[in-house]
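**Q** First to last, the sequence lines map onto chains S, F and B. The numbering used here applies: residue 1 is where the first sequence begins, and numbers increase by one. The numbering used here applies: residue 1 is where the second sequence begins, and numbers increase by one. The numbering used here applies: residue 1 is where the third sequence begins, and numbers increase by one.
Worth flagging that the hints you see were computed from the coordinates, not collected in a lab. C-beta atoms are modelled at their ideal positions from N, C-alpha and C, and glycine is treated no differently. Treat the hints loosely; a few may be bogus.
[Stated by the list, open to error] Derived Cβ-Cβ restraints for the label pairs, each shown as a range:
#1 303(B) x 15(F): 53 to 61 Å
#2 303(B) x 103(F): 50 to 58 Å
#3 51(B) x 289(F): 39 to 47 Å
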Amino acid sequence: MKRTAGELAEFLGGQLEGSSEEPIENVADLDTAGAGDLSYAETRFQGQVAASQASCILISEGQFPSKTTILVENPKLAFVRAAEWLVPPAEPVPGVHPTAVIGEGVELADGIEVGAHVVIEDGVRVGASTVIRPGCYIAAECCVGSQCVIHANVVIYRGAEIGNRVTLHAGVVIGADGFGYVRDDNALLKFPQNGYLVIEDDVEIGANTTIDRGSLGRTVIEKGTKLDNLCHIGHNVRIGGRTVIAAQTGVSGSCSIGADSMIGGQVGVGEGARIDDGSVIGGQSGVLNGKRSRAGAVLWGTPARPLKDIKLQLAYVARLPRMAKELERLREEIRKLKS
Amino acid sequence: MKRTAGELAEFLGGQLEGSSEEPIENVADLDTAGAGDLSYAETRFQGQVAASQASCILISEGQFPSKTTILVENPKLAFVRAAEWLVPPAEPVPGVHPTAVIGEGVELADGIEVGAHVVIEDGVRVGASTVIRPGCYIAAECCVGSQCVIHANVVIYRGAEIGNRVTLHAGVVIGADGFGYVRDDNALLKFPQNGYLVIEDDVEIGANTTIDRGSLGRTVIEKGTKLDNLCHIGHNVRIGGRTVIAAQTGVSGSCSIGADSMIGGQVGVGEGARIDDGSVIGGQSGVLNGKRSRAGAVLWGTPARPLKDIKLQLAYVARLPRMAKELERLREEIRKLKS
Amino acid sequence: MKRTAGELAEFLGGQLEGSSEEPIENVADLDTAGAGDLSYAETRFQGQVAASQASCILISEGQFPSKTTILVENPKLAFVRAAEWLVPPAEPVPGVHPTAVIGEGVELADGIEVGAHVVIEDGVRVGASTVIRPGCYIAAECCVGSQCVIHANVVIYRGAEIGNRVTLHAGVVIGADGFGYVRDDNALLKFPQNGYLVIEDDVEIGANTTIDRGSLGRTVIEKGTKLDNLCHIGHNVRIGGRTVIAAQTGVSGSCSIGADSMIGGQVGVGEGARIDDGSVIGGQSGVLNGKRSRAGAVLWGTPARPLKDIKLQLAYVARLPRMAKELERLREEIRKLKS
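Working from the sequences, and respecting the hints, build out all of it.
**A** Set out below in structure tokens:
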């Protein structure tokens, strides 16, 4: 959409310097921006503003007389809002592709786009303006909210409940069986996997991530939480709202992770652990089975412990060669004292 | 299926207390169970029995006069058996969906269910009562046994051999090329990937897990082994029977893992390592390339070593600040002694 | 293809001993080879040459009078070349399957094979002799080069640019949204994901691996690089040419990894890290956010540091129990000296 720098300043409630008639129609970073692009500069990137070819730049301080700038409190946040306004996501193209296979009793609300080769089984309900891209499979009795985007080749097992404005990226598998077996003589018997799965509103889930349903009871991903690619969420897990989980993290069965937490990449959370609200867990950490951690904890390492303890420990380990030498020296001095 | 508590007690060979006519038709955990549900209580959950709304509870000890209970030796195992009896898995709905594409010379035994948009290439054989859900692709010359469940969007590369009662969850990729290159001047040449893949009876493989076929020779997953989601099994790996491998574990090329082992989540096993039967490897462990470990080993950490050594090491590392202080104190005392 | 040992020796420029008329038509390893098979023996496997049933064996030294052998400088490299000659990859079977859905303005060059249930959206261009197996989805405006193999159920998001002779294994997801959010009051706002993705010639990408496109700007995988299964490559990453990345490794947003590097399995590379050319990073290493490492670095551990430092540190940690005892002994001696 074409806007002017002046319209943008008004939309963002920021203070314009330069040409208010500058036309803006896209977003880019400082380095690659050109004519028509809006960009932004956080404080540490101030030095790159002058050289940028962007038509307009969101800043939080400084003077750039040759540039058109908009002064705002938080340039990154303002940029995100402006981008959504300038480049709105594509609208669904309503309709069901003729190659899609739709079961009995399926309820599709208005404005839904169903791509080629999609399979929607009996009794599924899908809310208005949801997009289901090619190759997806939604098993019987699932419920998908409105304004969702289900990217290509997603699989949703039977009975899953998915809220509004949820995005599932390609290859996501939702609601598969949990992993539980009981050893009996010479075989592993499968624990019943009869539970279900709830994904609340505004959740986004990265490509090829897998989320198992409850074995008994439910797995729940609460409102506004975001998972990156290739994560694994086990059966009966509950993840609080607005929590961010980076790629390849695995959460074992029956864990809970609080709201407003930040979990790094490749973290492993052991069975039944409870991470309270507002926690931060560094990349590759390993949280032991059954661990309880309090609200606001900042953890790192395997086994995961408070970040400051881990840093202290790393410092002491780094001092080990010096300690060993010191020990040697003292031994020698004692030998001398004795003789 | 509707049963009575009395029928269940007889089926399980347990001792009934309470109403033998109590109708039972489903399973649930102690917390969420209601009328008609069977539940179970391991010893540590005895305290929750009295408050449970389950119609019948499997217990291994204790007296609950107001409840209908069945006394059994192993309540969890009995629960698994009862669940299979009460809630049998859905039967296949025999037939080939008209949108499925079936190659030449394909042999489909009786009672097979082939879902929408499935592709089965030339010369594939599939055993009786196997279910192939929508979107699966089975390449030429594969052989799939009877009573298997192949969930949606599974890909099986050419020539794979899959036993009976195997479950492949959605998004699994079976028999892809192994990862091997030879450096030549200014390029990486691909090592031949001409081998094959065998998955024996009663194996279950979690969503989006990948298992490569042999480069030369074969990759084999033996009878009754269970893999969780997002695992990677490299070329020419052999995994013994009834071994359990948790999510996101990776096994490099040419490794072997023995039977009856338990491998935690996010474990990495380096090229050519040999883990013997009955091993236990803790989550996030890293087994070095070529490592040999004896039967029954219990390993943890990176590099993986016996659990008791790792625990001792963690304890000593935790003592480091104290050791450093002690060293300081001794230095001071020696200084005094010398003067 | 049927060849003789003599023809092979000529093709490889090696020195034949034994029967030049020996017919050769396939490749196998020393153990499982039989009549008609070519095998190879690196120096450490010399001892297995005599017992092998291969019809011809590539060797770099030694005398095996009863065998037909070809003496070459690098038997493994010669074997790779011979294998490509003897067992060339299957040719595409040109044609578009009638169940494939092809959009408007799609340009398909000569000799392309498009499998069943493939979806190719508007404006996509595909080069000559490329194979697209069943169930793939290529979104609008993508460009795929010639002689590529896109295995089953691959998803390519809008606008991706893929070079020639690229292999994407089953379940790969290319060009999904990067992972970036900005916290605002009580919600996470999505950072714009408007960038693109370039995969250069001769890249091979393992099953179920995911590569995000740039958020602003681009993600680039350079010529000849190979990624194993279940890897994650974040937005705006650049990976240099001929680099090899083992399974389940994750590279966070805005990282760069140099050319000719070897990255082990389950490595995590933190946001914005820069690994220079010719680096080697051991399995499960964790490279911290923003870390710079120089060309040719050999790193291991979390946080990743030079391998020799890590080995030294492991050795000192292993000595800790002895150090603690020594400390105790010195304390005792000082006590005696004082009294």
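**Q** List, from low to high, the hint numbers that the structure doesn't satisfy.
**A** Hint check: 3 fails alone, others pass.
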